[in-house]
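Line order of the protein sequences matches chains S and E. With the working numbering as the guide, the letters of the first sequence map in order to residues 1 to 408. With the working numbering as the guide, the letters of the second sequence map in order to residues 1001 to 1408.
Don't read these hints as lab results, they were simulated from the structure. Nothing false has been slipped in among the hints.
Computed from the model, here is a short list of chain S residues facing chain E with C-beta under 10 Å:
1) 44
2) 67
3) 138
4) 168
5) 199
6) 252
7) 279
This one's a predicted model, so the numbers in the text were calculated from it and none came from an experiment. The beta carbon of each residue, even a glycine, is placed where N, CA and C say it ideally should be.
Number of protein chains: 2
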Amino acid sequence: MQTPWEYRYANRTQRMGSSVIRELLKLTEQPDIISFGGGLPAPEVFPIKQFQEACNYVLEHDGPQSLQYSTTEGYRPLREMIARHTGRYSVTITPDNILITSGSQQALDFLGRVFINQGDHIVVESPTYLGALQAWNAYGAQYISVPSDENGMVTSELEKALRIGPKFIYVLPNFQNPSGTTLSLERRKQLVELADRYGVPIVEDDPYGQLRFEGEHLPSLVSLDSQYRGDDGCYTGNVIYLSTFSKLLAPGIRLAWVVAPEQVIRKLVQAKQAADLNTAAFNQMVAFEVAKGGFLDEHVKFIIKVYKERRDVMIETMEELFPHEVRWTKPQGGMFLWGILPEWMDAADVLKIAIERKVAFVPGASFHPNGGGNNTMRINFSYSNPDKIREGVTRLGTLLKELVAKHK
Amino acid sequence: MQTPWEYRYANRTQRMGSSVIRELLKLTEQPDIISFGGGLPAPEVFPIKQFQEACNYVLEHDGPQSLQYSTTEGYRPLREMIARHTGRYSVTITPDNILITSGSQQALDFLGRVFINQGDHIVVESPTYLGALQAWNAYGAQYISVPSDENGMVTSELEKALRIGPKFIYVLPNFQNPSGTTLSLERRKQLVELADRYGVPIVEDDPYGQLRFEGEHLPSLVSLDSQYRGDDGCYTGNVIYLSTFSKLLAPGIRLAWVVAPEQVIRKLVQAKQAADLNTAAFNQMVAFEVAKGGFLDEHVKFIIKVYKERRDVMIETMEELFPHEVRWTKPQGGMFLWGILPEWMDAADVLKIAIERKVAFVPGASFHPNGGGNNTMRINFSYSNPDKIREGVTRLGTLLKELVAKHK
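With the rest of the complex left out, here is chain S (with noise of 0.2 Å):
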């Protein structure tokens, strides 16, 4: 039956698709499929008796605060804490600095709520997380597509892109989603001046940092923003920093927070203020009890074990089972890597068919927003266990290798 709700619609929803990730995310939910498709954690990384501890003490000692509502801006000692975290990548931040927010993906939809107006430009790297573009076309966004390499964003292109007049560049320097890579140094300096010299901001989005398996943590844009600036090390605010507890936690408490310049915080919170009023006091105060105290770092530590043999385990069946006419990223941490398959072979088809087969990833197209990456794929490493990677490989293995006799 026809209601009048149907003929009523804003212009903007026609911008609004369904998302791939989450028509993607249903088949995980298919016992017999092995999704390398979804971008969760792994379940048994979560730290159920310590969220168990953490809700008793709140309950107990702040149980009227913690259901009541709070502060817009997020639970002060939180805010403390991440200040404090995020200190000792020598940036001087207070908690005026930051906001709390549902899941990073709020704060990539504030960020187009507050800046982005109908036609502007954004730079982004191609590929990209998709999130970040589902948040800003409701806005109407347009995107310059800078392209990257195993090296992260290709800086030497970016030039070009900050001409056209982008109102911010969009990066993901660690552990890319979807690509796995890694900004390198050289490259972050010379993004960050770039930046600085066209006068164009940048959104650092980093959920997956401190999942670094090997190697040497490199420094992040804020840092690098105001160490090149060279001033008393305050936050000069050219870069907006995202992170998020999803990946450290849980993503089921729906935790992450902003750091911007305080001027900025107080327009996300107005615009927090009109989208739900506040982040749930509750989860904001059992997630403080969690992490304080060193857990989060014993945690991270954890994580990394148990993210980086499936990473291993992953790439050892591929070396092993994927023809050689496919190749892939060697992420040193977070969650995903990138396959790049033959020109002539379509990661979109090879889904279908894979689907039928129980096993499943993300086709690379949608990560391109100005097309493209046909014959790409993200693959997750993190949520499945090893015999489940080592079995799914294997599915995708003999299929990929059946496809390339195939076309021989």
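Fit chain E to the given chain S structure using the hints.
Showing chain E alone in chain S's frame:
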């Protein structure tokens, strides 16, 4: 220090104001102020023990699922429970008619996102809920105010508003925020009939409906609509219905829901994907555990007992101590009553002195999107205990008497 961000705000950012309610919430944090300003539930009614049991149960039995990403629509058993509950009121609803949101504020935001184009007109009661205005201002809404009296929106004034061609009608039929009034049965029928005749849909916002202290529950607009249409009892969808767990369980878990036609739910789901992916699975599973098995019905009786006493103490003290030039509504439920000062008195001026005397309320002007209401005030009776209510009303009454005496 200036940053490039400040020159890059989107046009809509200018429409995003800071919230009067939020600034006032800050006042309630000063422990020596008796605040009738916020819209906070009584912390004494939060079922802390039940939350503790539910957290332990969920983490022990479904830990990994509760801490993982989850579906955008919401936790299915919770949606099934809400569907059954809504079914009590004679409308057939399925879980596919329901979206779980992070508080009703998020539902209001999504309605703006999905339906409101710049310049669209929305019919509202005058006064109306400030949070809805804040949500929709960001999308460039304009408002057509229909006056209200002690029986809610004056529906005889509605027809000329509908001829302007509004996008939808927004109404809070039960114990309205801010006025505390309830839309009479006759007017409910008239509203639904007129909306149907003009093809203009209705958003029914019902956070307080279950908190009725006395008298009979009146049928919701959503159920009247399906009766009026005389169809097979299924959800016809001229009315989108909003409600929340914030006033039944606790606002600190940020859980509310939308009842809408399936096609509309699908659009709202797309909005939610872009906005924050999903509402915290943990919170939904905990709320389900707390609410199931009839606890909610028992708990609502307890809340009613507490709030009724507070309303009675407030009204008795006002009758005793307020000057007879001041009038107020006598709500049959909910959390607010509405004070009407003499025409010559400005509630904002009164508030300034009141704060010096350590008592606060919300001046009514901000609830009137098209001006007026300078001599009105919203007074919350749910948050403070009876002693504080008596003391706070005494302070207010003394002040108002002084102002009246000075004016004579």
